[in-house]
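Respectively, the protein sequence lines represent chains A and B. One gets this note's numbering by counting positions in the first sequence from 1 and adding 15 to each. One gets this note's numbering by counting positions in the second sequence from 1 and adding 143 to each.
Any given hint could be a false lead.
[Said to hold, decoys possible] Selected chain B positions facing chain A (Cβ under 7 Å, derived; list incomplete):
| no. | residue |
| --- | --- |
| 1 | I372 |
| 2 | F387 |
| 3 | Y471 |
| 4 | V472 |
| 5 | I520 |
| 6 | L548 |
| 7 | I549 |
| 8 | S658 |
| 9 | I671 |
[To be verified] Calculated Cβ distances over 12 Å to all of chain B for the following chain A residues:
| no. | residue |
| --- | --- |
| 10 | N118 |
| 11 | E119 |
| 12 | N123 |
[To be verified] Take a look, some chain A residues computed to stay more than 10 Å from chain B by CB distance:
| no. | residue |
| --- | --- |
| 13 | D26 |
| 14 | I87 |
| 15 | K111 |
No lab work stands behind these hints: they were computed from the structure. It should be emphasised that the depicted structure is a prediction, and the values quoted were computed from it without experimental measurement. Think of the CB as a built atom: it goes at the ideal place given N, C-alpha and C, for glycine as much as any other residue.
Okay, here's what each chain looks like letter by letter:
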Amino acid sequence: MILTFYMNSSDPRKLDKTLTSLGAIENCSMRDVLDVENPTFRVASAALPGSFNYVYCDYTGRYYFTEDPVEIRTGLYDIRCRSDVLMNLKTQLRAKVATVTRNENISNGYLLDANYKAMSYRECVTLQFPYAMTNDSLILITVG
Amino acid sequence: MGHIVGSGLLSNISIFPETFITSATPSNGYINPFSPGTFWDDIIAQHGGGFDGQAYIADNCTEVSVQQYNNVQQGDIIGTLAKTILQNENQFLLIVTSNDYATFTFNAEIKYVNGAGVVQEANLINMACCYENGSDYKQYFTWVPVNLSNGKHGFFLQHFQYHYNSGEQKYEIVSGENSVVFVLEDLDALHHQSLLNDHYDEDIFGPDSDPEGYGEDGTPAHDHTSDTITIPDAPSVSTSSVGFMHVYKVASGALSTLGQYLFPSAQNITDIESALRAIAGIFAYRDSVQYIVDLHAIPVSPSIGSNEFIKIGSLSTDISQPIVPSDYVDFDCGSKTIPEQYRNFIDYVGTRCKLFLPFVGFVEIAPEYWNGGTISIKYRFNVIDGSFMAYVLSTSSKSKLTNSLIGQYGGSACLHLPVIANSYGALASGLVGGSMQIAAGAATGNIGGVVTGAMTASNFQGNMSQSNNYNASTSYLGGRRPYFLIEREVPCFSAQYRHDKGLPLNVSMTLSSLSGFTIIDDIDLSGITGATENEIEELRQLLKEGVYF
Chain A
16 MILTFYMNSS
26 DPRKLDKTLT
36 SLGAIENCSM
46 RDVLDVENPT
56 FRVASAALPG
66 SFNYVYCDYT
76 GRYYFTEDPV
86 EIRTGLYDIR
96 CRSDVLMNLK
106 TQLRAKVATV
116 TRNENISNGY
126 LLDANYKAMS
136 YRECVTLQFP
146 YAMTNDSLIL
156 ITVG
Chain B
144 MGHIVGSGLL
154 SNISIFPETF
164 ITSATPSNGY
174 INPFSPGTFW
184 DDIIAQHGGG
194 FDGQAYIADN
204 CTEVSVQQYN
214 NVQQGDIIGT
224 LAKTILQNEN
234 QFLLIVTSND
244 YATFTFNAEI
254 KYVNGAGVVQ
264 EANLINMACC
274 YENGSDYKQY
284 FTWVPVNLSN
294 GKHGFFLQHF
304 QYHYNSGEQK
314 YEIVSGENSV
324 VFVLEDLDAL
334 HHQSLLNDHY
344 DEDIFGPDSD
354 PEGYGEDGTP
364 AHDHTSDTIT
374 IPDAPSVSTS
384 SVGFMHVYKV
394 ASGALSTLGQ
404 YLFPSAQNIT
414 DIESALRAIA
424 GIFAYRDSVQ
434 YIVDLHAIPV
444 SPSIGSNEFI
454 KIGSLSTDIS
464 QPIVPSDYVD
474 FDCGSKTIPE
484 QYRNFIDYVG
494 TRCKLFLPFV
504 GFVEIAPEYW
514 NGGTISIKYR
524 FNVIDGSFMA
534 YVLSTSSKSK
544 LTNSLIGQYG
554 GSACLHLPVI
564 ANSYGALASG
574 LVGGSMQIAA
584 GAATGNIGGV
594 VTGAMTASNF
604 QGNMSQSNNY
614 NASTSYLGGR
624 RPYFLIEREV
634 PCFSAQYRHD
644 KGLPLNVSMT
654 LSSLSGFTII
664 DDIDLSGITG
674 ATENEIEELR
684 QLLKEGVYF
């Protein structure tokens with residue numbers, strides 16, 4: 016299997032990662048049993064990039080977050096990985112229809128936002144109506 | 144076809160040409176994404192509940208070629224443009240304005256067919272195929288709020304054209320900010336196909352709606368309309384219509400004269416004739432005061448008729464004062480329109496309000512009745528007894544009220560004046576507060592020492608045992624003009640709040656139309672392939688916590 020190494024500079028929660036390609040290494044293997052979610056790849060190569068945090072495996076067809084490689088012996092490394100479900104499933108996810116609870120760019124301002132914070136004081140204003148009752152009048156009622 | 148999809152609460156939508164951008168050509172030589180011969184097809188407006196107004200579509204920015212649609216309702220076609228988009232005049236502007244300036248967003252989607260009647264081969268994520276040169280461009284538009292000259296608020300679409308830099312793997316803005324194009328934003332495959340089939344399978348309006356209508360038979364699930372409750376008419380019975388009752392609006396000076404009339408002073412009389420005349424007057428008028436039903440003050444001026452001599456019992460004075468023909472008089476305190484402060488939930492959840500009503504006091508009033516609306520206050524006074532009813536009327540789009548009665552408060556604004564006979568020439572005095580029991584008292588005042596053999600003044604006690612228990616309203620010491628006392632929370636939002644936490648939405652959407660931080664509490668992930676059960680659950684959990692589209 017071929018592992019393509021990247022440096023990911025995006026937030027892990029981002030669907031579309033910004034990746035800087037660092038090259039690929041062939042003849043990699045998966046240590047122990049086949050685990051597509053959290054594999055440990057074994058890489059025998061002196062060309063392992065010095066710094067990386069992301070890989071793509073052509074065999075599983077998945078992108079993975081990586082931990083720091085563990086050198087078993089000179090030129091042989093184990094790389095523990097975790098599947099990036101967002102990157103791997105983004106196309107299918109985007110085709111879905113769902114009820115969006117919160118969004119950065121679209122909102123309904125009249126829905127209650129439980130996260131908002133307010134100052135400890137309240138603003139108080141007084142607004143008068145236009146007219147006041149100031150024409151006091153004397154009324155005399157008689158019979159006769 | 145394409146459609147404009149909006150959500151939020153809007154009213155009185157209208158368009159104002161003056162917001163159009165006059166320049167039709169972007170400064171950087173933007174290329175028309177549509178080949179000559181491309182036709183815009185129907186543009187369908189959809190909106191959330193409350194959308195009711197007009198929409199204009201202009202097909203370029205230098206000329207308003209408008210098609211006006213009033214009372215746009217959900218699903219209405221608000222514009223049909225079947226014209227050729229010229230090479231450099233592809234700018235198509237839609238402006239939607241609202242009196243409410245509610246927080247809302249429109250998702251604009253366009254479907255188009257070319258001159259051969261074939262849907263343009265579209266990369267359903269971007270508009271790349273529209274370019275003859277095959278460059279990988281992405282169109283993006285934003286709604287830019289504007290304040291219009293008539294005081295309303297609106298939006299115009301601002302277009303940004305992005306070019307995908309494959310080397311750096313990022314989109315770069317290549318169009319000028321002043322260019323305006325109504326373009327496609329991320330039309331996904333599912334929606335594109337649904338548009339082709341003239342079928343909308345998105346529910347974006349919340350739990351009360353579905354694509355087929357509000358209820359099972361397509362009728363609204365519930366009636367939002369409101370009956371208008373008006374101020375009742377005044378009673379038709381009038382005291383003045385009773386022939387022997389007389390109601391006068393009197394001046395304080397006239398009262399003083401009346402007092403002298405009723406209780407002529409026997410003091411300082413030095414001749415017999417004057418003394419006898421005074422004694423005769425005492426005899427004539429000493430019982431007249433019992434025919435005074437009431438003397439009181441009210442805070443407004445009643446409607447008056449012609450002047451008549453004040454008649455008390457069988458006696459007619461020569462004091463002429465205007466009569467009051469109607470028992471009731473209305474006073475309009477006016478209206479107060481209060482726009483929303485924040486144009487969001489804080490205007491309601493974080494706001495308290497009291498309404499001060501003269502002679503009533505403070506009453507609580509919920510923000511829904513006045514926020515973004517108008518409150519009117521009218522009083523109706525009973526001139527006869529000084530009682531009143533205060534009417535509070537509301538016009539509010541949020542509450543579906545149109546000048547409707549939302550509160551009525553009764554009370555008394557009558558300041559009774561004591562009619563005491565032992566205070567000669569001082570009948571009109573005594574604007575006192577509190578309640579008093581006026582005790583009968585002996586008349587004082589001598590006629591003079593020259594009278595002998597006749598009844599002395601002290602024997603003619605002009606004092607009246609009648610007394611009024613009166614309650615001079617302490618409200619006369621209070622304010623006379625209604626006012627709002629509004630308490631609002633002061634929100635504290637950080638600059639990054641939207642990006643870090645998102646804003647509340649609750650709309651069903653195709654996720655491809657989303658961008659930025661997003662939380663989805665629940666989602667049906669059926670049909671996801673190539674993922675393990677754990678990965679699917681991890682995906683669900685990540686969506687609950689928030690991801691960046």
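Open item on the list: If I take the minimum Cβ distance from I87/A to any residue of chain B, is it greater than 10 Å?
Closed with: Since the minimum Cβ distance to chain B is about 27 Å, I87/A lies beyond 10 Å and the statement holds.
- [ ] Double-check I671/B for me: the hint is only fine if its C-beta lies closer than 7 Å to a C-beta in chain A.
- [x] This interface hint holds because 5 Å falls under the 7 Å limit.
- [ ] Hold the hint about I520/B up to the distance rule: shortest CB distance to chain A must be less than 7 Å.
- [x] With a closest approach of 6 Å, the I520/B hint holds.
Open item on the list: Interface hint check: I549/B, Cβ to nearest Cβ on chain A, cutoff 7 Å. Holds or violated?
Closed with: This hint is violated: I549/B lies away from chain A, its Cβ roughly 15 Å from the closest one there, beyond 7 Å.
Task: Non-interface label on E119/A, tested against every C-beta of chain B at 12 Å - done: With a cut-off of 12 Å, E119/A comes too close to chain B, as the shortest Cβ separation is near 3 Å.
Task: Separation of K111/A from chain B, once the least beta-carbon distance is taken, above 10 Å - done: Since the minimum Cβ distance to chain B is about 5 Å, K111/A lies within 10 Å and the statement is violated.
Task: Separation of N118/A from chain B, once the least beta-carbon distance is taken, above 12 Å - done: Non-interface label on N118/A violated, nearest chain B Cβ at 5 Å vs cutoff 12 Å.
Open item on the list: Take the shortest C-beta to C-beta distance between I372/B and chain A; is it under 7 Å?
Closed with: Violated: closest Cβ of chain A sits about 20 Å from I372/B, beyond 7 Å.
Task: Interface-negative label, N123/A against chain B, beta-carbon threshold 12 Å - done: N123/A not clear of chain B: closest Cβ-Cβ about 6 Å, inside 12 Å.
Task: Status of the hint placing V472/B at chain A (closest C-beta pair under 7 Å) - done: 9 Å, violated
TODO: Classify the label on D26/A as holds or violated, using whether its beta-carbon is more than 10 Å from each beta-carbon of chain B.
DONE: The assertion about D26/A is violated, with a minimum of 6 Å to chain B.
TODO: Would you check whether S658/B satisfies its interface hint, that is, whether its CB is within less than 7 Å of any CB in chain A?
DONE: Since the shortest Cβ distance to chain A is 6 Å, the answer is holds.
The structure is inconsistent with the numbered hints 1, 3, 4, 6, 7, 10, 11, 12, 13, 15, although it conforms to all the rest.
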